[in-house]
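Converting from the sequence shown to this note's numbering requires adding 54 to each position, the first position being numbered 1.
Be aware that a few hints might be false.
As the list claims (entries may be wrong) - What follows is a list of derived Cβ distance ranges for each label pair: (1) A188 / D248: 50 to 56 Å; (2) S87 / E213: 50 to 56 Å; (3) I189 / T245: 39 to 45 Å; (4) A188 / R149: 45 to 51 Å; (5) L203 / D226: 29 to 35 Å.
Please keep in mind that the hints were generated in silico from the structure rather than gathered at the bench. These figures come from a predicted structure and were not determined experimentally. Even glycine gets a Cβ: it sits at the ideal position worked out from N, Cα and C.
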Amino acid sequence: MLARLLSLRVRLLAAMLVVACAGLAGSYLLIASLRRTNELATDREHATQVAQVIAATAAHATPAELAAEQRRLPNERVEVFRGGRRVYAGPLNPRELEVTVQAGFPGGRVVVEDHTSPHPSGVTPLETTGILAAIVLLVIGTALVVTTLLIRALRDPIERATRAARRVAAGDLGARIGSVSTDEFAELGRTFDDMANRLELSDRMQRRFLADVAHEIATPVNAIRGFAEALGDGTIADPGDREDALRSVAAQGERLDVLLQDLRELTRLDLADTVRREPVDLGALCRDVVARFRPQAAGAGVELVADAPRRPVVRPFDRRLLETVVDNFVSNAIRYTPTGGRVDLSVRHGRHEDAIAVRDTGIGIAPEHRSRVFDRLYRVDEARDRGSGGSGLGLAIAQRAARALGGRIELESELGRGTEFRLVLPRNALP
55 MLARLLSLRV
65 RLLAAMLVVA
75 CAGLAGSYLL
85 IASLRRTNEL
95 ATDREHATQV
105 AQVIAATAAH
115 ATPAELAAEQ
125 RRLPNERVEV
135 FRGGRRVYAG
145 PLNPRELEVT
155 VQAGFPGGRV
165 VVEDHTSPHP
175 SGVTPLETTG
185 ILAAIVLLVI
195 GTALVVTTLL
205 IRALRDPIER
215 ATRAARRVAA
225 GDLGARIGSV
235 STDEFAELGR
245 TFDDMANRLE
255 LSDRMQRRFL
265 ADVAHEIATP
275 VNAIRGFAEA
285 LGDGTIADPG
295 DREDALRSVA
305 AQGERLDVLL
315 QDLRELTRLD
325 LADTVRREPV
335 DLGALCRDVV
345 ARFRPQAAGA
355 GVELVADAPR
365 RPVVRPFDRR
375 LLETVVDNFV
385 SNAIRYTPTG
395 GRVDLSVRHG
405 RHEDAIAVRD
415 TGIGIAPEHR
425 SRVFDRLYRV
435 DEARDRGSGG
445 SGLGLAIAQR
455 AARALGGRIE
465 LESELGRGTE
475 FRLVLPRNAL
485 P
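Starting from the given sequences, assemble the full structure and let the hints guide the process.
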């Protein structure tokens, strides 16, 4: 950009010089023409007055008297004619003839030729053009100084932005432009630094997520490998112990499978699959979810109830994404509700939005954990969640799916009394 500004300055200067030269040449010709016209008019008027003055006495004047009049006229040549013949003629003037006028008198006429003056009065066209040239050069010089100062003012923030952008492109996400000025470049600097902050935060979260995934995978893999070695070398020889070991290997394999399925789902949502809208009856969807999870709830000793209107309420949603969110809500509610508890799945319709709510009578979520339960691989209770088979990705998947739907997730919880998750879908924000 700076190179283009410098090139623009050179081209602007060249254009200004060309225009200035053309303008000065035109000004010189115009001034000369106007001056010439004005001089001719003035000389004609003066010569006419001279001719009239001489004509008043020319009828009886002697050649000597006429010669005396001629000597008082340095730029004019006088001729007097009486009776058809010339009685007096002043000396020839070698300078350029400008105007010839005549004045009559009884029996004759006076002819006055006005010639150019050897010492022209006033400012000449060349002098006037020189003054204009000085003014034009002053304007061009001022423009050159202004453009130079402007380029210098732009150079520093542009170079700082370029250096920071190159560092970010090279992988240094800690690069920042910083405060450069108070104008538009300040806004550019703030925008760039905000972008770099988000990139750095995203990079840290990605690294932490990968480390957490590696840890999550390593735990069941190590358990499977340990049991496999023990079964292979005969360390576990008792038939009952061998059956327990095989069940543990199967359980760890199932845990790995759940984690991999959740990772694939999260990756698919992160890659922003196209949202496929289709008519969905929210009440029917909730009843289907309850029917699908009822065996799991019964196995955990939890009552699962659907409070959905029988009257069809159809909205254009992506059913697959809706089920992703609601399935995670219901699965977590059953997992964290003690035996004898209850999970309610309900549909609520407002004026401008719809909501699917899942409320349980489980253990609740402490306030310090509520802002982080949607983080990937974050667990409120590490030991309980591992034991119950959760991957720690369910709510992260649910939140990503809710955003893809154009909605949001709301959370209310009280320790020891239960939790309610709501998927809120504004109707005017449907994708």
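Against the structure, the hints:
1. Between A188 and D248 the beta carbon distance is about 52 Å. The supplied range of 50 to 56 Å therefore holds.
2. The hint said 50 to 56 Å for the Cβ distance between S87 and E213, and at roughly 53 Å that hint holds.
3. For I189 and T245, the hinted distance range of 39 to 45 Å is satisfied, since their beta carbons lie about 44 Å from each other.
4. At roughly 31 Å, the beta carbons of A188 and R149 sit outside the given window of 45 to 51 Å.
5. Between L203 and D226, the C-beta spacing of about 32 Å keeps the proposed range 29 to 35 Å intact.
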